[in-house]
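> For reference, the chains in residue letters:
Number of protein chains: 2
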Amino acid sequence: MNNFTFNIPTDIRFGKDQIQCLPDELAKYGKRVLLVYGGGSIKRSGLYHKIMELLKDFEVFELSGIEPNPKLSSVEKGTEICKKEDIQVILAVGGGSTIDASKHIAASACYDGKPWDLVMDRSLVKKALPITVVLTICATGSEMNSGAVISNEETHEKLEINTPHLYPKLSICDPTYLYTLPAKQTAAGSVDILSHVMEQYFQPNDEAYITDVLSEGVMKTVIKYARKAIDEPENYEARSNLMWASTVGLNHLLTVGKGGSWSVHPIEHVVSAYYDITHGVGLAILTPAWMEYVLSEDTAPRFARFAREVFGVNEADDMKAAKLGIDKVREFNKSLGMPASLSEAGVPDDKFDEMASEAVRTSGLGTRSYVKLKDEDVKKILIMCK
Amino acid sequence: MNNFTFNIPTDIRFGKDQIQCLPDELAKYGKRVLLVYGGGSIKRSGLYHKIMELLKDFEVFELSGIEPNPKLSSVEKGTEICKKEDIQVILAVGGGSTIDASKHIAASACYDGKPWDLVMDRSLVKKALPITVVLTICATGSEMNSGAVISNEETHEKLEINTPHLYPKLSICDPTYLYTLPAKQTAAGSVDILSHVMEQYFQPNDEAYITDVLSEGVMKTVIKYARKAIDEPENYEARSNLMWASTVGLNHLLTVGKGGSWSVHPIEHVVSAYYDITHGVGLAILTPAWMEYVLSEDTAPRFARFAREVFGVNEADDMKAAKLGIDKVREFNKSLGMPASLSEAGVPDDKFDEMASEAVRTSGLGTRSYVKLKDEDVKKILIMCK
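Chains as they are written, first to last, in the working numbering: chain A, 70 to 455; chain B, 70 to 455.
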């Protein structure tokens with residue numbers, strides 16, 4: 070087991086009506102709040118109205134319209150408001166995109182240069198405004214980690230900024246806020262959770278057994294409840310299990326003792342940076358292709374363990390079990406209504422060379438991932454997904 | 070899933086040589102340190118010498134001789150040193166007993182009355198000295214939680230004090246410090262970890278699926294590595310997995326969404342308060358008897374799930390599977406060399422009435438446990454263990 074540190078300062082308030090604590094908690098930081106959110110869904114659901122009522126004694130400024138793959142231009146807008154209006158605390162209401170944009174804004178508000186500088190060099194982040202969250206989409210785990218992924222629309226780069234300054238101070242996770250989430254977003258979010266755990270699970274280190282069994286537990290949870298949450302949007306058991314799975318899935322617990330670099334996310338980030346497709350859709354298409362591509366005598370035992378422990382595959386031969394596990398992943402994605410190819414998702418095949426080299430250039434794919442991949446390997450995986 | 074909050078401030082440094090951070094970390098709080106430890110094992114292992122060298126620029130006061138079931142009199146001694154010497158930070162080097170005594174000392178040092186008052190009424194704890202830990206026994210999880218169990222030798226009470234002020238600021242968990250742990254302590258610690266998880270797992274709430282599967286993962290880890298750590302004391306994989314299992318086993322992660330009160334610990338606490346036996350030994354004897362006593366048509370499905378998921382029992386009938394699971398727990402305890410009866414552990418049967426009513430009086434056994442137990446039920450369980 071590799072050495073690690075584990076220290077997550079985020080205060081999670083999980084369950085029905087936890088939002089009542091909002092005024093007291095925000096007041097710890099000040100009365101000047103930047104409310105960040107995406108489209109109109111929080112207005113339609115009544116959540117916006119509820120928050121404004123709770124914050125009637127606060128001075129609330131607003132940044133709406135955060136995109137599904139949050140853009141640098143939104144971060145720049147938010148940063149300007151923070152500086153001009155002397156914002157004391159940021160309240161992100163939404164899912165990963167809104168939270169990630171809010172994190173980047175929180176850091177940029179305390180920095181004199183351009184926001185993108187901080188993505189290029191995280192050591193420039195010396196502090197950040199306090200970030201608080203009301204979670205309405207479960208997928209990225211951003212509510213309890215220190216990472217944020219931002220898309221630079223000019224350079225086609227979709228990159229992560231990650232520093233301990235970006236941990237939310239408080240995240241309110243009320244599963245009933247997921248009741249109005251459309252089936253497509255529930256599906257994409259579930260695929261994203263599963264992928265996060267798989268990225269941490271498929272690593273060369275086999276000695277962190279406890280981390281592996283905890284990962285298997287979270288993956289089983291996603292598989293048990295994803296379809297149920299689509300079929301019964303107001304099923305509290307399904308929504309609450311998925312919501313906590315998303316948080317635990319990427320709050321560092323499932324990485325400890327393992328380490329290594331991710332494989333499918335870096336490829337997907339390039340695809341969605343070029344074509345702005347939903348992150349979970351990209352992952353659903355790429356994951357089984359990546360599994361097939363890296364499956365070998367060396368990797369078969371871990372893929373077989375995944376198949377047996379997560380999907381209950383009953384097959385003694387490792388290679389056969391591994392292949393059955395890949396089938397199971399495809400079936401799971403299909404059961405959620407996910408497209409099976411890039412063309413179905415509207416991604417053409419004319420920039421695969423460029424995208425493949427960009428994926429390798431901006432990640433640890435070639436140096437620290439489970440199976441090291443070069444430009445031509447990534448291109449082959451993209452072709453498998455055509 | 071029940072509502073919950075999750076917010077653990079403890080900074081865990083896990084792995085080889087993490088102790089190097091000690092001077093920098095302690096210096097955050099001051100230079101006047103109370104070093105708390107048990108017997109001479111840390112002197113024999115060289116750890117005491119290493120710590121004193123690292124802290125050569127600090128003023129270190131010492132409280133040694135903390136007992137396996139830490140006594141109020143030790144807490145009183147430590148509190149006196151803290152007040153007299155103006156201690157700024159406590160460094161606990163040991164396992165649960167040393168950490169628990171240190172926590173109680175940390176709170177008592179900031180309180181004007183008697184230390185036992187704080188156990189009787191935790192709301193009296195308004196602050197505590199900063200607590201830091203170097204872990205040398207993995208069992209109680211005290212390194213990452215806010216609880217402490219103290220024995221009052223005059224009243225025969227062994228009770229818990231639990232408030233957020235008692236979270237350690239820092240815990241250094243280096244699995245190589247377990248290499249010199251005697252087999253008996255490795256065994257007792259492993260039983261303790263398993264019992265903690267079972268206490269949280271056997272609760273009426275079935276909707277927190279994710280918490281249950283995470284619990285199963287931790288229990289499988291203990292079963293996989295406990296005997297191995299005894300047979301190969303310097304097996305890093307075994308020691309590191311057990312060490313992290315003990316921390317995760319009782320840092321709140323496996324309780325979230327479930328709740329309820331514990332069953333076997335309150336009974337064991339009375340037994341060890343009366344007869345000062347090793348906590349893990351008491352748990353090993355009492356747990357299978359408790360399982361048998363509360364097994365019924367109602368509880369069989371959960372006991373069966375436990376048997377199948379944790380011990381791999383392959384039996385479709387719930388009641389049969391449940392019974393096989395109880396056998397497995399007995400076999401596991403036996404494989405670690407644990408005694409199977411109270412008489413083997415030197416506990417006579419003449420105070421069962423008194424002990425049973427004390428267990429019910431000082432716990433949630435009669436009101437909030439998995440299967441509610443009255444005085445006569447606890448007595449019957451004790452008789453089953455004679």
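FYI, nobody ran anything at the bench for these hints, they're computed from the structure.
Check each hint, because a few of them may be wrong.
Remember, identical chains collapse to one label, so a pair may be satisfied in a single copy or spanning two.
[To be verified] In the DSSO-like style, the derived pairs of lysine-lysine whose C-alpha atoms are separated by at most 27 angstroms in a straight line are:
1. 125 - 441
2. 443 - 100
3. 85 - 153
4. 153 - 195
5. 152 - 397
6. 297 - 153
7. 238 - 97
8. 397 - 125
9. 397 - 289
10. 253 - 119
11. 238 - 392
12. 443 - 152
13. 389 - 289
14. 125 - 420
15. 125 - 289
16. 97 - 195
17. 183 - 455
18. 397 - 112
19. 183 - 253
20. 449 - 389
21. 153 - 289
22. 153 - 253
23. 443 - 119
24. 100 - 448
> Give a verdict on every hint.
Hints and how they fare:
In this assembly of identical chains, residue 125 and residue 441 lie within 27 angstroms of each other by CA distance neither inside one copy nor across copies; the values are 53 angstroms within and 46 angstroms between. In this assembly of identical chains, the alpha carbons of residue 443 and residue 100 never lie at most 27 angstroms apart, being 51 angstroms within a copy and 52 angstroms across copies at closest. For the identical chains of this complex, residue 85 and residue 153 are neighbours neither inside a copy (36 angstroms) nor across copies (48 angstroms), given an alpha-carbon limit of 27 angstroms. With identical chains, the CA atoms of residue 153 and residue 195 are at most 27 angstroms apart within one copy only, with a shortest distance of 20 angstroms there and 40 angstroms across copies.
Within a single copy, residue 152 and residue 397 get their C-alpha atoms no closer than 50 angstroms, and across copies no closer than 63 angstroms, so neither meets the 27 angstroms cut-off. Taking CA atoms no more than 27 angstroms apart as the test, residue 297 paired with residue 153 passes in neither setting, with 46 angstroms inside one copy and 62 angstroms between copies. When the C-alpha separation of residue 238 and residue 97 is checked against a cutoff of 27 angstroms, the pair qualifies both within a copy, at 11 angstroms, and between copies, at 22 angstroms. Neither within a single protomer nor between protomers do residue 397 and residue 125 lie at most 27 angstroms apart by alpha-carbon distance, with minima of 50 angstroms and 59 angstroms respectively.
Proximity of residue 397 and residue 289 under a CA criterion of 27 angstroms is satisfied in both settings, with 12 angstroms inside one chain copy and 25 angstroms between copies. In this homomeric assembly, residue 253 and residue 119 come within 27 angstroms of each other (Cα to Cα) only inside a single copy, at 25 angstroms, whereas the closest approach across copies is 57 angstroms. In this assembly of identical chains, the alpha carbons of residue 238 and residue 392 never lie at most 27 angstroms apart, being 43 angstroms within a copy and 46 angstroms across copies at closest. Proximity of residue 443 and residue 152 under a CA criterion of 27 angstroms is satisfied in neither setting, with 43 angstroms inside one chain copy and 63 angstroms between copies.
Both within a single protomer and between protomers do residue 389 and residue 289 lie at most 27 angstroms apart by alpha-carbon distance, with minima of 21 angstroms and 25 angstroms respectively. Taking the shortest alpha-carbon separations for residue 125 and residue 420, neither the intra-copy value of 50 angstroms nor the inter-copy value of 62 angstroms comes in at or below 27 angstroms. Taking identical chains as interchangeable, the C-alpha atoms of residue 125 and residue 289 are never at most 27 angstroms apart, the minima being 42 angstroms within one chain and 50 angstroms between chains. In this assembly of identical chains, the alpha carbons of residue 97 and residue 195 lie at most 27 angstroms apart whether taken from the same copy (21 angstroms) or from different copies (19 angstroms).
Taking identical chains as interchangeable, the C-alpha atoms of residue 183 and residue 455 are never at most 27 angstroms apart, the minima being 37 angstroms within one chain and 73 angstroms between chains. Proximity of residue 397 and residue 112 under a CA criterion of 27 angstroms is satisfied in neither setting, with 38 angstroms inside one chain copy and 55 angstroms between copies. Taking the shortest Cα distances, residue 183 and residue 253 never come within 27 angstroms of each other, neither inside one copy (35 angstroms) nor across copies (60 angstroms). Within a single copy, residue 449 and residue 389 get their C-alpha atoms as close as 23 angstroms, which meets the 27 angstroms cut-off; across copies the closest is 52 angstroms, which misses it.
Taking the shortest Cα distances, residue 153 and residue 289 never come within 27 angstroms of each other, neither inside one copy (47 angstroms) nor across copies (55 angstroms). Proximity of residue 153 and residue 253 under a CA criterion of 27 angstroms is satisfied in neither setting, with 38 angstroms inside one chain copy and 65 angstroms between copies. In this homomeric assembly, residue 443 and residue 119 never come within 27 angstroms of each other (Cα to Cα): the closest approach is 50 angstroms inside a single copy and 46 angstroms across copies. Taking the closest pair of Cα atoms, residue 100 and residue 448 never come within 27 angstroms of each other, the shortest separation being 51 angstroms inside a single copy and 58 angstroms across copies.
The structure is inconsistent with the numbered hints 1, 2, 3, 5, 6, 8, 11, 12, 14, 15, 17, 18, 19, 21, 22, 23, 24, although it conforms to all the rest.
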